[in-house]
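**Q** Spelled out, the chains give:
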Amino acid sequence: MLMETVARWFLDLYETTGINLTIVYDAYDRQRFLSGLGMTIYLAVVCILISIAIGAVGAWAQGSPLRVVRGLVNGFVVIFRNTPPLVQIFFFYFGLGQILPRIEDADGMRVPILTNVQWAIVSLSLFAGAFNVEIFRSGLEAVPRTTTEAAQALGYTRLGVYRHVLLPLALRICLPALNNNLVNLLKTTTLAYAIAVPETLYVSKQIWTDSQNVPVMMIVLLIVYTLLVGILVFIMHRWEKALAIPGYGQGSGR
Amino acid sequence: MAALSPPEDFGWTPDQPLIRLVDVRKSFGAIEVLKGVSLDVAKGEAICIIGPSGSGKSTLIRCINALVPIDSGTIRVEGQEVNDPDLDKLALRRKVGMVFQQYNLFPHRTALDNIMMAPLHVLKQDRREVEARARALMAKVRLAGKEKAYPGELSGGQQQRVAIARALAMRPDVMLFDEVTAALDPETVKEVLLTIRELAEEGMTCILVTHEMGFAREVADHIYFTDAGVIVEHGPPASFFDDPRDPRTQAFLGQIL
Ligand SMILES: Nc1ncnc2c1ncn2[C@@H]1O[C@H](COP(=O)(O)OP(=O)(O)OP(=O)(O)O)[C@@H](O)[C@H]1O
Ligand SMILES: [Mg+2]
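Quick mapping for you: the protein sequence lines, in order, are chains F and Z. For the first sequence, UniProt numbering begins at 1 and goes up steadily by one. For the second sequence, UniProt numbering begins at 1 and goes up steadily by one.
There could be a bad hint or two in this list.
Below, simulated SDA-like cross-link-like pairs (lysine to any residue); rule was C-alpha separation at most 25 Å, straight line [to be verified]: (1) Lys148/Z <-> Leu123/Z; (2) Lys187/F <-> Ala61/F; (3) Lys146/Z <-> Leu243/F; (4) Lys148/Z <-> Leu243/F; (5) Lys241/F <-> Lys146/Z; (6) Lys148/Z <-> Glu240/F; (7) Lys148/Z <-> Arg109/Z; (8) Lys89/Z <-> Thr147/F; (9) Lys89/Z <-> Gln62/F; (10) Lys140/Z <-> Ser155/Z; (11) Lys205/F <-> Thr115/F.
Non-contacting residues of chain Z with respect to chain F, defined by C-beta distances greater than 10 Å in every case (computed) [stated by the list, open to error]: (12) Thr195; (13) Ala228; (14) Pro247.
It is worth saying that the hints were derived from the structure and are not from the lab. Heads up, the beta-carbon is just placed ideally off N, CA and C, and yes, glycines get one too.
Required output: the full structure, derived from the provided sequences and hints.
**A** Shown next, in the form of structure tokens:
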């Protein structure tokens, strides 16, 4: 009932002003748009989690006593930091995706190992992960060497020191920088458009092609991303607050 | 309740020195910081190491728990050879507690958590038993009621006593103290020294680097004086302070006292 009233109102809006919000009054466009929004949120959440894990593990491996390991991590960081993310996505989807053998699906069809959505996740996570490695490392470097020694003197192994002492402290130090990078990652999910991942930008393009309402959809996109980033920043700030330590760093505002 | 096997037996018996250093040498780059240091510490003994800044005191005690690897010589802790490429560091470090000049508490955990962390994470002991022990240690260092405080909410002297309790929670056989009162103001120095003195009186084996000569005289069974990487002179406090033989010791004590 309510839906119908709202839909009618927006249809009137179109007829009187020319502001054509098909995504509100047209059930098909609405469904397309919402599924695109859902895909954007899915990409963002999954890539944020994986990229944080890459950052934490990569920064640990950077402190490895083995030269080979350190070299590999540094190489990874340089490649993914110094190349455009769109080129990375194309590299994975068109480059690697072509070379890798195909597998048989349930119906006996030869299909690629990873779908375009999965390649987007791999690519975007590695892209943001490379930056996260650097961000975590800057946090680790800010933890006094003597704190590590105290943990070693208590018998902690290298991994134990990292897990229980270094990482929790480094995370608190680098949260503002991490925050920035994750905002960037959320916005970069639009590049998945280029390999036909049906995320918000991609479905918006379909909608404006069908409905000839380009300017309206552009404004919708700006508003949607502003809100999505706003929500992410809000969550990050809540996290920052939850991690604040009384008497330490920003938590010591007494 | 310890989940780990009991510490390995290295054929050590209590009549042997708990810690034995023989001709320990250590260089940082071209600078030789320890030039052949030998000393024995018996079980239950408290020794003090004094000497001018840069003479290698910190390096010396940091070698004992393998925070600093040595170049040559031997260090044995309850018979376990520290200068062994296959050293079981955990076995060594659960026997050797260490307290630092800058306290070095873990700022993201409460005082009680600081004490409980290593027994839980490293020794994998039972949480309830560890917590009971940690609370008893808080009381022992006169900090009952501060369990939930974070290090940043404690004074320097209080933090240092938490650091002592944290080391004791591992039930070490020997405690290393590296100028643990040097960063404190004179009032709080007393609380910390009192805690250490009680420990020594209870029979904890202690190796103390200190500039507190009065304290060294009262607490130590034996004093070692280091200068430029060697032990110049050592002896019981009475003869060491009242009748120093070496001119370098005399000059140092003349400046300080
Ligand atoms: N990790 C290191 N790398 C290079 N040089 C070092 C290192 N640690 C100590 N040294 C040098 O070794 C010498 C002895 O240092 P150490 O800290 O053992 O002296 P100390 O007797 O404890 O002095 P203080 O009373 O000032 O604490 C100093 O010259 C110091 O600069
Ligand atoms: Mg020192």
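**Q** Evaluate each hint against the coordinates.
**A** Against the structure, the hints come out as follows:
no.	hint	in the structure
1	Lys148/Z <-> Leu123/Z	23 Å, holds
2	Lys187/F <-> Ala61/F	28 Å, violated
3	Lys146/Z <-> Leu243/F	21 Å, holds
4	Lys148/Z <-> Leu243/F	16 Å, holds
5	Lys241/F <-> Lys146/Z	23 Å, holds
6	Lys148/Z <-> Glu240/F	21 Å, holds
7	Lys148/Z <-> Arg109/Z	9 Å, holds
8	Lys89/Z <-> Thr147/F	18 Å, holds
9	Lys89/Z <-> Gln62/F	23 Å, holds
10	Lys140/Z <-> Ser155/Z	17 Å, holds
11	Lys205/F <-> Thr115/F	21 Å, holds
12	Thr195	18 Å, holds
13	Ala228	25 Å, holds
14	Pro247	35 Å, holds
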